[in-house]
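J.: Please model the entire structure based on the sequences and the hints provided.
The lines below spell out each chain.
2 protein chains.
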Amino acid sequence: MVKLYDFELSGSCYKIRLLASFLGLKYEAVQVDFVNKEHKTEKYTALNPFGEIPIFEDGDLRLRDAQAIMVYLASKYDRSNMWYPNTPEAMGRINQWLSTGGGEVMNAAGARLVKILNYPLDLEKLQAGANRVFKILDDHLANREWLELGHPTIGDIACFPYTALAGEGGIDLKPYPNVLAWIERIKQLPGFIAMPGI
Amino acid sequence: MVKLYDFELSGSCYKIRLLASFLGLKYEAVQVDFVNKEHKTEKYTALNPFGEIPIFEDGDLRLRDAQAIMVYLASKYDRSNMWYPNTPEAMGRINQWLSTGGGEVMNAAGARLVKILNYPLDLEKLQAGANRVFKILDDHLANREWLELGHPTIGDIACFPYTALAGEGGIDLKPYPNVLAWIERIKQLPGFIAMPGI
Numbered sequence: 001m002v003k004l005y006d007f008e009l010s011g012s013c014y015k016i017r018l019l020a021s022f023l024g025l026k027y028e029a030v031q032v033d034f035v036n037k038e039h040k041t042e043k044y045t046a047l048n049p050f051g052e053i054p055i056f057e058d059g060d061l062r063l064r065d066a067q068a069i070m071v072y073l074a075s076k077y078d079r080s081n082m083w084y085p086n087t088p089e090a091m092g093r094i095n096q097w098l099s100t101g102g103g104e105v106m107n108a109a110g111a112r113l114v115k116i117l118n119y120p121l122d123l124e125k126l127q128a129g130a131n132r133v134f135k136i137l138d139d140h141l142a143n144r145e146w147l148e149l150g151h152p153t154i155g156d157i158a159c160f161p162y163t164a165l166a167g168e169g170g171i172d173l174k175p176y177p178n179v180l181a182w183i184e185r186i187k188q189l190p191g192f193i194a195m196p197g198i
Numbered sequence: 001m002v003k004l005y006d007f008e009l010s011g012s013c014y015k016i017r018l019l020a021s022f023l024g025l026k027y028e029a030v031q032v033d034f035v036n037k038e039h040k041t042e043k044y045t046a047l048n049p050f051g052e053i054p055i056f057e058d059g060d061l062r063l064r065d066a067q068a069i070m071v072y073l074a075s076k077y078d079r080s081n082m083w084y085p086n087t088p089e090a091m092g093r094i095n096q097w098l099s100t101g102g103g104e105v106m107n108a109a110g111a112r113l114v115k116i117l118n119y120p121l122d123l124e125k126l127q128a129g130a131n132r133v134f135k136i137l138d139d140h141l142a143n144r145e146w147l148e149l150g151h152p153t154i155g156d157i158a159c160f161p162y163t164a165l166a167g168e169g170g171i172d173l174k175p176y177p178n179v180l181a182w183i184e185r186i187k188q189l190p191g192f193i194a195m196p197g198i
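The listed protein sequences correspond, in order, to chains A and B.
First residue of the first sequence: 1, per full-length UniProt numbering; consecutive thereafter.
First residue of the second sequence: 1, per full-length UniProt numbering; consecutive thereafter.
Each hint should be verified, as a subset may be incorrect.
[What the hints assert, rightly or not] Covered stretches of chain B (chain A as the covering partner; in silico rule of three or more C-beta atoms under 8 angstroms from a C-beta of chain A): (1) 81 to 91; (2) 98 to 106; (3) 189 to 195.
Hints in this document: simulated from the structure, not taken from any laboratory.
Here the structure is a predicted model, which means the values were calculated and not measured.
Backbone N, C-alpha and C fix where the C-beta goes; we use that ideal spot for every residue, glycine too.
T.: As structure tokens, this is what we get:
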């Protein structure tokens, strides 16, 4: 049985819910009380010493990190071989955006945590970092519909949630029209599901 | 022809040099003047808008991000299928440590930039973040020789350089004996090459 340790308002958990929906994969969801930091308790650090969610289980296999979980899910359950195509070039290209989605785009996630949960982080610095990566995304999408390969991949999913949620971190996406159009394209994909704020 | 935009003292560039050496892959190295921020000039941001090295080229394919480049190189040139084995479970497991190597371990890289190039970053916070991940690594390696799969993978390479260079960021690895033993195991691998500080 496939199991996801999940929190509805987490954009990182949403990446897994969204990919599972695109793949038509059913799973058991375990709700984690993120607001009260249940993911930092011993019960959860035993599952993931980094104290983060999502955590994912498929039989005896347990994985942490939304990007790693997507690599597994797409490689295992995507019969179309579209989301993480099994060629060196496709995997290399997509991994660039897995790094960006788990890296620079998380500036926007941090800004959102300041705004909605009062995390003691440097809001201005986070917003500036988010704006830098949104500009790069906007330029990259000027002559492309998708981040790589001409079709949706887990690279798009890795960057999507915290970009689409940027407004909740006080970041305006109006200067990035190509990003806004890309967000709309993702929302139109068959099997798309929303989360609060998107 | 395979080309690497390289800087000798960059642990991220060293990941690529090290994997190429393990794979027996020849490449052309282009030296980038990192100290004088040549990677932030227009010439280089045209190759990688994130303004970072390594940048990698194989014919018409250009890739940024050390982790993504390693996924490509191992998938394309590793005839042993050891460094990034082509199964969903192996790729998922390894991608966890690609995220860690490009993420939490970079705290140690930041601390090193403060110490050796006077970057205006929060040294104490970076050292604390590095110590947190080194403790996790040490616990993980308590009953393992390698991070995943019982043999070396690009997950190990992703985490290795900035862990081995931690001392240059003022971080003592003595509290992490399993990490120190793992560093020694990597140094003993056939084809291992060093970099200054390692």
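J.: Work down the list of hints and note, for each, if the structure agrees.
T.: Consistency of the hints with the structure:
no. : hint       : result
1   : 81 to 91   : holds (count 5)
2   : 98 to 106  : holds (count 6)
3   : 189 to 195 : violated (count 0)
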